[in-house]
Amino acid sequence: MKLVKLSGIFLLSSSLLIGCSNSDTTSSTEKKVKETKNTSAPALKGVTDEYRQYAITEIEEFVKATEAFTTAVKNGEIDKAKQLYGPARMHYERAEPIAEVFGDLDPKIDAREGDVPEAEWGGYHRIEKGLWIENTTKGYEQMADQLMKDVNLLRAKVETVEVTPDLLITGAVDLLNEVSTSKVTGEEDRYSHTDLYDFAANVEGAEKIYQLLQPELEKKDKEVSKEIGARFDDVYGLLNQHKNGDGYQLYTELTEAQVKQLSQAIDALAEPLSQIGIITEAS
Amino acid sequence: MTKNPTSYEALTEKKVSRRDILKTAGIGGVGVILGASGLGGVLSLKESRAAGPELNQEIVPFYGKHQSGIITKTQNHVYFVSLDVTTSKKEDLVKLFKDWTKASALMTEGKSVGKLASNEFLPPDDTGEAAGLSPSNLTITFGVGPSLFVKDNQDRFGLKQKQPKELVDLPAFPLDALEEEWTGGDLCIQACADDLQVAFHAVRNLIRIARGKATLRWAQTGFQRTKQADHKNETPRNLFGFKDGTVNPDVNSKNALNKHIWVQPGDGPDWLINGSYLVVRRIQMFIEVWDRTNLREQENTFGRYRDSGAPLGQKNEFDKPEFTHKKENGEDLIPVNSHVRLSHGDGTEQILRRAYSYADGMDLKTGSFDAGLLFLCFQRTPSKQFIPIQKRLAKMDKLNEYTSHRGSAIFACLPGVKQGGFIGETLFN
Chain V
1 MKLVKLSGIF LLSSSLLIGC SNSDTTSSTE KKVKETKNTS APALKGVTDE YRQYAITEIE
61 EFVKATEAFT TAVKNGEIDK AKQLYGPARM HYERAEPIAE VFGDLDPKID AREGDVPEAE
121 WGGYHRIEKG LWIENTTKGY EQMADQLMKD VNLLRAKVET VEVTPDLLIT GAVDLLNEVS
181 TSKVTGEEDR YSHTDLYDFA ANVEGAEKIY QLLQPELEKK DKEVSKEIGA RFDDVYGLLN
241 QHKNGDGYQL YTELTEAQVK QLSQAIDALA EPLSQIGIIT EAS
Chain R
1 MTKNPTSYEA LTEKKVSRRD ILKTAGIGGV GVILGASGLG GVLSLKESRA AGPELNQEIV
61 PFYGKHQSGI ITKTQNHVYF VSLDVTTSKK EDLVKLFKDW TKASALMTEG KSVGKLASNE
121 FLPPDDTGEA AGLSPSNLTI TFGVGPSLFV KDNQDRFGLK QKQPKELVDL PAFPLDALEE
181 EWTGGDLCIQ ACADDLQVAF HAVRNLIRIA RGKATLRWAQ TGFQRTKQAD HKNETPRNLF
241 GFKDGTVNPD VNSKNALNKH IWVQPGDGPD WLINGSYLVV RRIQMFIEVW DRTNLREQEN
301 TFGRYRDSGA PLGQKNEFDK PEFTHKKENG EDLIPVNSHV RLSHGDGTEQ ILRRAYSYAD
361 GMDLKTGSFD AGLLFLCFQR TPSKQFIPIQ KRLAKMDKLN EYTSHRGSAI FACLPGVKQG
421 GFIGETLFN
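If you read the sequences in order, they're chains V and R.
Note that this note's numbering has the first sequence beginning at 1, numbered continuously upward.
Note that this note's numbering has the second sequence beginning at 1, numbered continuously upward.
One chain only, chain V, in its complex shape (with noise of 0.2 Å):
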């Protein structure tokens, strides 16, 4: 989750590929940025919709696995809980460019401990304390209620977020840069260290965008598109791995040398990743 980085997505998306004229490159002196053109704004717009459903389709996921998962903890079934709690977050992470596009939201859900003032730490990762370091449900309720009512909030905001092209191809790295600083580390799931399925929804999620806009992208730069397939396989084929049933092993069951690989995985697939970007040039 980030605090910081949030609507500015918004703010400097909209033009990306509306108005752009189309030859005077000498103009812009000051930025060198190269012209970009909008050769095929129906296409793209028909992918942003798309992504815009596939996100909805996530959230609303997410609030059915939320349910499921706090109703265990007002239950005071701790193992059910427990089980829920990975694959719920899955439907979260996947959609993460969109979800935490909510500033306010994103804390309350996804917090880690030590991101916000102890006293106003809820959601996930707090009931994710109780359950393993603590071994309890009890004082939970209320977090579990409210953590409830943030999820539905956001199933209601989502609707009215605006997917631009840009979104995705931001989306599609910050997916894999978050692998890259929160995950390989260990750091999102501290405690039940559930960390794989963060990280393979993540994955996903980047996969998803990929998709989408591959038909583009192979029109400008077949060979990236088809190196990024190619590293997207390698990275499955390592997660593949560490599959534990329809779940994944804990990421403390991984020895330094996995956790390295998965890691230089990730950097092989975000590096042609980044270039995702050329479907807004002229071609």
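Hint data in this document are derived by calculation from the structure and do not stem from the laboratory.
Bear in mind that the values here come from a model prediction, so they are computed numbers and not experimental data.
Please note: incorrect hints may appear among the correct ones.
As the list claims (entries may be wrong) - Quick partial rundown of chain V residues pointing at chain R, CB under 7 Å, derived from the structure:
| id | residue |
| --- | --- |
| 1 | 53 |
| 2 | 57 |
| 3 | 169 |
| 4 | 263 |
| 5 | 267 |
| 6 | 268 |
| 7 | 271 |
| 8 | 281 |
Claimed, not checked - Cut-off 20 Å, straight-line C-alpha distance, at most; resulting in silico cross-link-like pairs (EDC-like, lysine to aspartate or glutamate):
| id | chain 1 | residue 1 | chain 2 | residue 2 |
| --- | --- | --- | --- | --- |
| 9 | V | 260 | R | 125 |
| 10 | R | 89 | V | 271 |
| 11 | R | 89 | V | 234 |
| 12 | R | 115 | V | 271 |
| 13 | R | 213 | V | 234 |
| 14 | R | 213 | V | 281 |
| 15 | R | 95 | V | 256 |
| 16 | R | 213 | V | 145 |
| 17 | R | 89 | V | 223 |
| 18 | R | 95 | V | 267 |
| 19 | V | 82 | V | 162 |
| 20 | R | 115 | V | 221 |
| 21 | V | 226 | R | 331 |
| 22 | R | 89 | V | 233 |
| 23 | R | 365 | V | 256 |
| 24 | R | 115 | V | 145 |
| 25 | V | 222 | R | 99 |
| 26 | V | 220 | R | 120 |
| 27 | R | 90 | V | 234 |
| 28 | V | 220 | R | 125 |
| 29 | R | 95 | V | 221 |
| 30 | V | 222 | R | 125 |
| 31 | V | 226 | R | 180 |
| 32 | R | 90 | V | 223 |
| 33 | R | 395 | V | 234 |
| 34 | R | 95 | V | 145 |
| 35 | R | 89 | V | 281 |
| 36 | V | 222 | R | 91 |
| 37 | V | 226 | R | 120 |
| 38 | V | 260 | R | 180 |
By construction, the Cβ of each residue, glycine as well, lies at the ideal position given by its N, Cα and C atoms.
Start from chain V and add chain R according to the hints.
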């Protein structure tokens, strides 16, 4: 020992060309690993023929018959990395070396990699931290390790029949305390520059270009006293405070280089002709222990005086060590287990040393400094050069009480390439 008569002022006055300044001199040396040994070596520095266009002042040409960074006069800093190749396709390797060649040629000229930010929706091609900086005599030297050819009994890229006999893992030496995390590698990059940021920038961009094809295995920075701090250009001192008198082959002598440094036709596979073997050792130095050792013991350990650098029994740094001289009581003046004597051996083995000190903060286990020497040496035939020298040293060098070899690797540094070609083309084609 590169006794360089040129003053710093002469360098800054731009009267001499890069090439001449770079010439490292030394006469008939011995390989000495940590030591301050010396049979004399004087750098001759002449006015340049191509009387220096200022532009070239701090540029070491990337293209040429040999890779730069080998006989180039040692720069202030090194950033050395060992890499694991992660791709299984030879074509990826070829592309990697082509891209690396292009990027390296640009960076050694002080230029950025790729285009400047041209689309704000893309990350810039160059990472940017060297923008506006001088080329700083940057050299980038590439090597391939034994494991590029065969790893876990696999002929990974169909190169097995091209693996030179000399390119095999070094034998285990007595007292080796090698750690996996500092050992081996499929490829190496040695980036040297007079500015650490310039050297780091080079490595960083090359590693970025390699994503998906190769990953970092280990990395080590190193330093020497800078040219700015040592206007007289004296022999650098190592972290034990002794002059690390590099008795190197005379790099001005084609004969010496062909004899000791450059791989020759008939030595092995043709692809390595004009290349050289690099042996790297990461040698931790227990400086706390050394610092409480009395001066006489320190000097007996090296076989030299700390202050002057002269061999024991001699007056000047560049005096020849006299190994037969005895004290009144009949003991050897230069002890049999001293570093200078063991390194020298019978004087036939010579290696070109380009060592740097390192200081990596604190050893978390002991609370001591983690400091030492990143020993880098080049040679034509490791089995006749580094290996016999190190065997002698490992067996009885008194210096071993104060050092520990933590890391080790061997690489074949590829021959140089002309503009239009790429580093490694003789190997991959």
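message: Tell me the numbers of any earlier hints that the structure contravenes, in ascending order.
response: 1, 2, 4, 9, 14, 15, 16, 19, 21, 24, 31, 33, 34, 35, 37
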